[in-house]
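Engineer: Please model the entire structure based on the sequences and the hints provided.
Note that the protein sequences, when read in sequence, are chains A and B. FYI, our numbering numbers position 119 of the first sequence as 129, with every residue one higher than the one before it. FYI, our numbering numbers position 219 of the second sequence as 265, with every residue one higher than the one before it.
No wet-lab data here; the hints were simulated from the structure. Yeah, the Cβ is synthetic: ideal placement off N, Cα and C, and Gly gets one too. Some hints could be false.
Claimed, not checked - Here are some of the chain B residues that sit facing chain A, going by a computed Cβ distance under 7 Å:
#1 105
#2 106
#3 110
#4 131
#5 132
#6 200
#7 201
#8 242
#9 243
#10 250
#11 274
#12 282
Stated by the list, open to error - Across the chosen pairs, the derived CB separations fall in these ranges:
#13 A:123 x B:270: 33 to 43 Å
#14 A:137 x B:202: 23 to 33 Å
#15 B:94 x A:27: 40 to 50 Å
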Amino acid sequence: MPAARDYDDIPGTIVFDSRRSRRGYALNKFLMSLNDAANRDAFRADEAAYLDRFALDDEQRAAVLGRDWLRLLEVGGNVYYTYKLAACDGMTFQDLAGHQTGMTAEQFAEMMRAGGRSPEGNRHRREWEGR
Amino acid sequence: MATIVGGVGCSHVPAVGAAIDKGRTADPYWAPYFAKLDRARAWMAEADPDVCLVVYNDHANAFSLEVVPTFAIGLADEFPVADEGYGPRPVPTVHGHPDLAWHLAESLILDEFDMTLVNEMPVDHGLTVPLSVMYGQPEAWPCRVIPLCVNVVQYPPPTGRRCYALGRAIRRAVEAYEGGERVVVLGTGGMSHQLQSERAGLINVEFDTAFLDGLVADPDAVARIPHVEYLREAGSEGIELVMWLVMRGALSPTVHEVYRATHVPTSNTHNGLLVLEEG
Numbered sequence: 011m012p013a014a015r016d017y018d019d020i021p022g023t024i025v026f027d028s029r030r031s032r033r034g035y036a037l038n039k040f041l042m043s044l045n046d047a048a049n050r051d052a053f054r055a056d057e058a059a060y061l062d063r064f065a066l067d068d069e070q071r072a073a074v075l076g077r078d079w080l081r082l083l084e085v086g087g088n089v090y091y092t093y094k095l096a097a098c099d100g101m102t103f104q105d106l107a108g109h110q111t112g113m114t115a116e117q118f119a120e121m122m123r124a125g126g127r128s129p130e131g132n133r134h135r136r137e138w139e140g141r
Numbered sequence: 047m048a049t050i051v052g053g054v055g056c057s058h059v060p061a062v063g064a065a066i067d068k069g070r071t072a073d074p075y076w077a078p079y080f081a082k083l084d085r086a087r088a089w090m091a092e093a094d095p096d097v098c099l100v101v102y103n104d105h106a107n108a109f110s111l112e113v114v115p116t117f118a119i120g121l122a123d124e125f126p127v128a129d130e131g132y133g134p135r136p137v138p139t140v141h142g143h144p145d146l147a148w149h150l151a152e153s154l155i156l157d158e159f160d161m162t163l164v165n166e167m168p169v170d171h172g173l174t175v176p177l178s179v180m181y182g183q184p185e186a187w188p189c190r191v192i193p194l195c196v197n198v199v200q201y202p203p204p205t206g207r208r209c210y211a212l213g214r215a216i217r218r219a220v221e222a223y224e225g226g227e228r229v230v231v232l233g234t235g236g237m238s239h240q241l242q243s244e245r246a247g248l249i250n251v252e253f254d255t256a257f258l259d260g261l262v263a264d265p266d267a268v269a270r271i272p273h274v275e276y277l278r279e280a281g282s283e284g285i286e287l288v289m290w291l292v293m294r295g296a297l298s299p300t301v302h303e304v305y306r307a308t309h310v311p312t313s314n315t316h317n318g319l320l321v322l323e324e325g
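Structural biologist: Right, dumping it as structure tokens:
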């Protein structure tokens, strides 16, 4: 098991390192396949059957079928790969980002219009304790 | 010899491409951003480079996790526009410069930068959005393009110092080329943004401003910024800024800052645009 990383202290952030990449290889392979229009059609036609083509574990499969966007990253999805699924559903990248924060799309868009999330209070995990 | 006539730092936000492609640049949300591009476009039209060397990262389009090259250079005659999951952008095919690209590849490898050689690849928004930012919507791109891909998707990306050193090696290689091509180097991506997890939406104007100031005046110091600082201060995707150091390294030690514009927000990103000329 790789040692802890210096960036593990950053709150609310999943760095796509070896730990996530190894866990998520098959999941990301599925997500990458959605770059192909014929594959997108096949997936839309029968999601479960399409997923059978890939060696996803049960948690990954549930996260895909349930569109659990934050969970998809926790089980090894990379955000750019995950966006392929969101785009397949007609979502923008802002929609995807917003969903992962627990805010509504409108709340997230409003936060961005107001200048985004400040780094103040968002640099270290200890700053998020008790949230 | 070929010459580098300038450098451009440019965010590559997909929503900017979509706004151009769908005719939304005059919308209230987008108009203030697009108003800031005129000066940079005028400079680009004046510079009229033969070749743009575009330093960008692929976003799971040309490359997947099957093979992740840290530095890759595109050698083809042409590069199709990628379907990134929602159909290709309606922009012209990108035409390469195989002769200069191969010269760069050979020079860089012998200069101890172990480039991955790519003879076929689609190019995604990371490359096409900066072209749209600088050129608008021409029927054909007015320059040849050499794609230079940097992995910033699978951690760890190359260090800032390595990117800066690559830029300097690119300068040596361009100046050793026998053709008379005039080259602009674009470093793309950034500035601060985080697209994922509960901290998504992070914007750090203070960090970005200091980065831009340092990139212009003291790039050796900026090149020493460690990855953890980018991740913490500029967000998990803000680490793309290391690609601007390739551009800076390709320029002379002192540079003239022609133009700088920043804008919040473009979708989820603090957008940066920087035009530099040789000092």
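Engineer: Does each hint hold? Answer for all of them.
Structural biologist: Hint by hint, here is what the structure shows:
no., hint, result
1, 105, "4 Å, holds"
2, 106, "5 Å, holds"
3, 110, "5 Å, holds"
4, 131, "4 Å, holds"
5, 132, "4 Å, holds"
6, 200, "6 Å, holds"
7, 201, "4 Å, holds"
8, 242, "4 Å, holds"
9, 243, "5 Å, holds"
10, 250, "5 Å, holds"
11, 274, "5 Å, holds"
12, 282, "5 Å, holds"
13, A:123 x B:270: 33 to 43 Å, "34 Å, holds"
14, A:137 x B:202: 23 to 33 Å, "25 Å, holds"
15, B:94 x A:27: 40 to 50 Å, "42 Å, holds"
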